[in-house]
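There are 4 protein chains.
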Amino acid sequence: MVTRIAVLGATGYTALELLKLLRRHPEVEIVALTSRQESRPHISEVHSELRGALDLHLEPLDVEMLVGKVDVAFSCLPHAASAECVKPLVDNGVKVVDFSADYRLNNVAVYEQWYGVTHPDPDRIGKVPYGLPELFREQITGSSLIANPGCYPTSAILPLAPLVKHGIIESTGIIIDSKSGVTGAGRNPKLPFHYPECNESIKAYGVGTHRHAPEISQFVTMSGEENAEVIFTPHLVPMNRGILSTCYLQPSKGSTVADAIDVLHTTYKDEPFIRVTSNPPETRAVRHTNFVDLHVAQSGDRLVVLSCIDNLIKGASGAAVQNFNLMCGYEETTALL
Amino acid sequence: MVTRIAVLGATGYTALELLKLLRRHPEVEIVALTSRQESRPHISEVHSELRGALDLHLEPLDVEMLVGKVDVAFSCLPHAASAECVKPLVDNGVKVVDFSADYRLNNVAVYEQWYGVTHPDPDRIGKVPYGLPELFREQITGSSLIANPGCYPTSAILPLAPLVKHGIIESTGIIIDSKSGVTGAGRNPKLPFHYPECNESIKAYGVGTHRHAPEISQFVTMSGEENAEVIFTPHLVPMNRGILSTCYLQPSKGSTVADAIDVLHTTYKDEPFIRVTSNPPETRAVRHTNFVDLHVAQSGDRLVVLSCIDNLIKGASGAAVQNFNLMCGYEETTALL
Amino acid sequence: MVTRIAVLGATGYTALELLKLLRRHPEVEIVALTSRQESRPHISEVHSELRGALDLHLEPLDVEMLVGKVDVAFSCLPHAASAECVKPLVDNGVKVVDFSADYRLNNVAVYEQWYGVTHPDPDRIGKVPYGLPELFREQITGSSLIANPGCYPTSAILPLAPLVKHGIIESTGIIIDSKSGVTGAGRNPKLPFHYPECNESIKAYGVGTHRHAPEISQFVTMSGEENAEVIFTPHLVPMNRGILSTCYLQPSKGSTVADAIDVLHTTYKDEPFIRVTSNPPETRAVRHTNFVDLHVAQSGDRLVVLSCIDNLIKGASGAAVQNFNLMCGYEETTALL
Amino acid sequence: MVTRIAVLGATGYTALELLKLLRRHPEVEIVALTSRQESRPHISEVHSELRGALDLHLEPLDVEMLVGKVDVAFSCLPHAASAECVKPLVDNGVKVVDFSADYRLNNVAVYEQWYGVTHPDPDRIGKVPYGLPELFREQITGSSLIANPGCYPTSAILPLAPLVKHGIIESTGIIIDSKSGVTGAGRNPKLPFHYPECNESIKAYGVGTHRHAPEISQFVTMSGEENAEVIFTPHLVPMNRGILSTCYLQPSKGSTVADAIDVLHTTYKDEPFIRVTSNPPETRAVRHTNFVDLHVAQSGDRLVVLSCIDNLIKGASGAAVQNFNLMCGYEETTALL
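Protein chains in written order, with our numbering: chain W, 1 to 337; chain Z, 1001 to 1337; chain U, 2001 to 2337; chain A, 3001 to 3337.
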């Protein structure tokens, strides 16, 4: 019996990647796509890539209609709007992978401060597994709601959390300098993402103020310790996809590059999607894949951790499918290798 | 005594390039910039490139204010809106270089059919020099209004008009396959020009319907003959600037590549901005310059003419400065080499 | 029982794409990779994308060793070098998909003229199916050697051959203006493909002299007629992958756009990889897929056919897998959707 | 009387930019270009941009020939090779701007350790002004030899040196995360800079080992203090030109963003090429200019300094012309605004 799928907010780049991945999944049927567009366009009018591949029209979001009709919903809705739908869906037995930030932070006040809205479903906060299977597989397996991680946080937490946990690095003074392709900014046309404005140029943005900072801070320290102290700077790079995070870390007394590499190797030795590389990684090597490439080097008295992902796959839709597989009891790598 | 300049519609890419060129012109002073924005932003808030280089605020367009205050206006306004301003400016003694299509076509009906508007200044139609100095220098010199050519037409007319005039090629069955960088689409953010939509992709657009077709058709045959019969297809290429036009031409009885090259060499031997090249040209070589690179090759029974310009310089603002120099009696190459 | 595969000349871009596709094929095992490099590097040292995905070393090509060890070889070797290996492999029962041009043309003299070498296996010339399943499925099915088509020819032949066959267009005066991403030039570093040389620039190359011209010419007319008369101009576009061909065609007496679209729809109605689109296609929509997007428009008295493929997939490795599936009796779309 | 110029090693990108700038300089005549190529190609065969603009052939380097024939030489030769020519040129009265690293470091041993060669002219080490006019104008003026700074060092030293000097930041624990366009890697074709390899990808390189680190370290502290302790990581970004350096700094007790901005404003208030910006700068805004855009922000307990230059202009050839102007008594901004 196939699992019936809905994708909410299907006009963006993460939805497109999700649909392309799900088409390869032998156990699913995509039965509903939603958007706010009243014209109910065919999906191929929105994503020409899907012409001939998926025969569905976008329809307005209708929670009641979805309940009963679908088993799992992937929500690509914006924050707050997402939780407003997720709540009734989960309450009525629909499993959800939520791409928004609504269920990631474990503190309602912190969420409301950074996102500037009242949380529509505060009771679930702190109880929803964070969708990094490499760190939280047990909680994710069989769960009915997953907070799919942010793209930057994924690139930073996967290498840093084990290093903090095993005492290789200090959890203070962590500097994360991240570089992202432009799909990370979404598909809504705005001047900063107009082709001639961002082509042949690089810039930092949201210096000291980006909403992924508290998410990184919370999950770099996982087990009851205080949140890590993180300086996070995202940059916009003239390419479609990919994130490279360059992390500058204070080694704990006596820790070496070799120690750091050991911890990463040991922690991730059975992980199908994590590769510890012997050369500085390039985003090219993970493009269109669910892989994470990690590397550690020394620079002066710091450890430098380099981490590459595809922001739309492991940073969004690939992770979502990986979580979906765990929620529904499928082989974790289905549709992802 | 310097020439006092206004730039109308100063927020786009052609205006930015124009301002960068004019800053190098020793005989001009930029005294007014206009836009529809009510907030009257400083020009450096709109074009960060001009920070520290030009200290003016954008102000709403006020024709009366401009008369008396400026000697020459460059109009980067959209078609129809442009002629509405140009008319009173020229009537009141302000010289104008008009970037719009309003005074290019010599037939009001053709204009109104292709542009879908009533022409605001029909009496001047057919009397305004077309701003290709290499072909119409005499008419441009000292004139008070110039129709600055379209970018695609510039790339096509410069090589083709002399070949038609000297009987090297037929004026029928001309096929022009043009490729342009994205600045050609303007600075208004829209989905087709959103970075991830046009990066790493190429497409044709306006097949059989682009407004530059009648302009090319009219000026490829210059001296009383019927308009040329032109098939024109523009393409959008993932780069900021540059146009390459690949033109497929029927040689007149017996004409050879050598004949065509001879005509181009002879016609343009004293032109400071035209280069006939011995290898197929690349837009890279004319980037940020007012040069036109031309090349002729044989392919089967056709002559293939290749033509490269920078769409924002020779295709717009460089040509405008060249025309301005001729209108005002300055050395034609001032600020352009 | 799985099919054992070798990839000859595994260091280039087509080999990389082939390996990525074959990894998804449930019925194959990749058992050998060859290259001229004596150091026998691990494949992941050459293609970092394959780290953790394929555990093989490159080894020098040894035909005897391959016979018996593999069932099918994909040859990504250069022309002439390829036929030299293909001959003994096929003679000894190994099936081959040949990416080179060696078996595409049906005339040894034409081959030797365009490629400037003596053909190493002239007896097979004219007897090897050309690997466009949409046109030659019957011959390909069960065959032991396939001439995998060139990338430009694929983009041109698929739309044009049916239009010629059904008398919609003339087979003379065909103009094909093609635009390709830079992977089409291979992976060998040379100045024209050095990043700053081809980024932000477009150029034509091989005007009137490109080796794909006779291949297009031969297969646009398929059934005994004389070869078509084709003017072909390739261009280098600053993007990694994708080909757009803009074809200018003389309609046969009375033929319309609607007639052309009808023929394409009818010819390809059951084809899994061909899509006739209602808007001008973009290479973006076929990127990383085996799809071909086709469109017809009118421009003046010409029909303009637009055709998009991914040069590395439908233009090379995807087609190869499609042919492989037919040769070996697998479902034609396996590993391709 | 014009100044006669030679450019040594004229085939690379810095030489091309230099020649383009010098063409606008009213007081110079370019009289000699050298390269190792024996074929003595015309400069336009090497740099098609210069077709019609500069009529010189490349000739083998001959120091004796240059002495007497030229007043000033710009050396774009590689390290060590450069000092070997610079020594006899300066000894014989030719002024030199040296683009190589040969005269930048003030310690022969440090030079020889990082560059792995014996210094050909050790006696001059420590006596040659470092070509950042904003910091060393007095020493540069009238000097006969200038060590033109590295591109990354320029981007880092200009903002950081004044902040250290005025006690705003600590000179230890400085982290500089730099991002550069691909022209920074030179014009020699190699696989890592082959278009499809670096397009659509970002990577770090030389982590902890890049030769610009000691140069930055030396000049961030200018006045007798110990060298600064700098962690420097360069990255390769898919664009032609531009450097963005993101610097993470420990504020000295009590220092604020406002203090840092004050120091930059005060230090650079009369500088024609330095702009302190109120928003995070983009490399786009300094592209093709000699400007440096600087910005300071707070992130956690760190000051984050952002610095943008064009690596080929202020990072190389623009700085060289600026230094040349000071050496020869011309207005400092000639040919640069």
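Don't read these hints as lab results, they were simulated from the structure. Note that the coordinates shown come from a computational prediction; the quantities given were computed from them, not determined experimentally. Even for Gly, the Cβ is constructed at its ideal location relative to N, Cα and C. There could be a bad hint or two in this list.
List time: in silico DSS-like cross-link candidates among lysine-lysine, alpha-carbon distance up to 27 Å [to be verified]:
| id | chain 1 | residue 1 | chain 2 | residue 2 |
| --- | --- | --- | --- | --- |
| 1 | U | K2095 | U | K2069 |
| 2 | U | K2190 | U | K2165 |
| 3 | A | K3190 | U | K2190 |
| 4 | W | K190 | Z | K1190 |
| 5 | U | K2190 | Z | K1253 |
Chain W is nowhere near these chain Z residues, computed Cβ spacing over 12 Å in every case [as the list claims (entries may be wrong)]:
| id | residue |
| --- | --- |
| 6 | A1109 |
| 7 | R1124 |
| 8 | T1183 |
| 9 | R1241 |
| 10 | S1255 |
Hints versus structure:
{"no.": "1", "hint": "U:K2095 / U:K2069", "in the structure": "holds, 12 Å"}
{"no.": "2", "hint": "U:K2190 / U:K2165", "in the structure": "violated, 41 Å"}
{"no.": "3", "hint": "A:K3190 / U:K2190", "in the structure": "holds, 8 Å"}
{"no.": "4", "hint": "W:K190 / Z:K1190", "in the structure": "holds, 8 Å"}
{"no.": "5", "hint": "U:K2190 / Z:K1253", "in the structure": "violated, 41 Å"}
{"no.": "6", "hint": "A1109", "in the structure": "holds, 35 Å"}
{"no.": "7", "hint": "R1124", "in the structure": "holds, 33 Å"}
{"no.": "8", "hint": "T1183", "in the structure": "violated, 5 Å"}
{"no.": "9", "hint": "R1241", "in the structure": "violated, 8 Å"}
{"no.": "10", "hint": "S1255", "in the structure": "holds, 40 Å"}
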